[in-house]
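Listed below are the residues making up each chain.
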Amino acid sequence: MKSEKRAFVTAADVIIIAALLLLGFLAYRYVYSGPDEETFELDYVVKVSSIRSELSERIAVGDEVYSADGAYMGRVTAYESRGAVLGTTGQTVPDRSDLYITIEASADSDGLVSGHEVYVERELSLYTTGLSFDGICISVR
Amino acid sequence: MKSVKENKRKFTFGALDVFLILAVILSAAGIAVRCVLTDENGILAVTPEKTSVAVQILIEGIENSSSDYFSEDAVFGVGTEGDEGRLMSVTVQPAEYYVENERGELEIAYEDAENGKRDVRCTVVVEGYYRDGIFMLGGKTPMLPGGTVRMSGGGISVTALIIDTAPVDGET
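Same order as they appear, the protein sequences are chains U and V. Sequential numbering of the first sequence, starting at 1, is according to this note's numbering. Sequential numbering of the second sequence, starting at 1, is according to this note's numbering.
Calculated from the structure, these hints are not laboratory results. Quick caveat: nothing in here was measured; it's all calculated off a predicted structure. Check each hint, because a few of them may be wrong.
[Unchecked claim] Over the 10 Å line for every Cβ pair with chain U, so calculated as not near, a few chain V residues: (1) Ala23; (2) Gly116; (3) Gly133; (4) Pro142; (5) Ser152.
[Said to hold, decoys possible] Residues on chain V that point at chain U, a partial pick, calculated with CB under 10 Å: (6) Val75; (7) Gly104; (8) Glu105; (9) Ile134; (10) Thr148; (11) Asp164; (12) Val168.
[Stated by the list, open to error] Here are the simulated distance ranges between beta carbons: (13) V:Ala28 with U:Val31: 22 to 28 Å; (14) U:Leu21 with V:Lys140: 40 to 46 Å; (15) V:Val99 with U:Ile136: 25 to 31 Å; (16) V:Lys140 with U:Leu20: 38 to 44 Å; (17) V:Glu72 with U:Phe40: 20 to 26 Å; (18) U:Ile136 with V:Gly133: 22 to 28 Å; (19) V:Thr159 with U:Ile16: 27 to 33 Å.
Every residue, glycine too, gets a C-beta built ideally from N, C-alpha and C.
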């Protein structure tokens with residue numbers, strides 16, 4: 001006489017079910033977590049003081065901007081090059097420019113751009129594919 | 001009493017076994033991709049072709065005698081990661097500085113030609129890789145106009161301003 005087959009749950013079954021649930025949860029997070037985050041557009045201006053004039057020409061509208069650690073910091077939407085002026089005497093410095101770079105970025109709900117705080121008077125080390133520069137943030141809108 | 005044959009469990013290869021084997025293989029593949037084939041940012045790393053690049057640099061206001069270290073074909077350590085570069089087209093000039101003229105404006109003047117300080121402009125040829133359009137010295141250090149790089153060798157070490165970078169002829 002055949003014995004009746006009994007259904008029972010082993011430790012292996014529990015592990016497999018837990019793994020499947022975990023995979024499902026991770027897949028859900030991967031697919032749905034990104035777009036739900038609230039972001040807003042931010043425009044900030046970085047002043048690069050007394051840069052050599054031959055270097056000031058290496059910035060361009062549309063350049064992607066990154067921080068020294070490689071984080072994406074936005075895109076150049078405008079720039080202006082003015083003759084560098086000594087703060088103490090007001091004299092113009094030959095062959096040097098003050099560069100004002102406007103960058104449009106996407107900030108999260110805490111106001112962080114790729115995890116970096118952007119505020120007026122913040123010193124920033126940034127680069128594009130054509131120029132590496134250190135400057136001070138002088139405006140955030 | 002049960003016979004030995006009866007006690008022996010039958011091995012059957014079920015769907016669950018296939019699933020487990022696939023899960024193990026996929027996990028191993030995932031770990032291999034994550035740990036071996038990706039860079040520090042988790043991006044799939046494809047080994048690019050090594051490129052020689054001519055980096056135009058400016059070394060400002062060094063001592064007159066120090067400029068003798070910079071000559072064509074001299075080999076310098078470039079950066080801090082053990083990379084080397086060979087100098088080309090070296091130009092040594094009296095160092096620039098600013099003076100106030102009689103109208104109270106600043107203008108460029110030059111140090112004494114015999115004994116004054118020197119500005120050195122030269123090109124150093126180094127090897128590295130392009131990543132996202134940016135030349136990375138030795139694959140690690142970005143070399144961009146406006147940035148600085150350490151130049152060391154033969155008992156001298158200076159900081160140079162990067163003015164320009166361009167692939168050496170025939171290379172991309």
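Practice task
Report the numbers of all earlier hints that the structure fails to satisfy, in ascending order.
Solution key: 1, 3, 4, 6, 12, 17, 19
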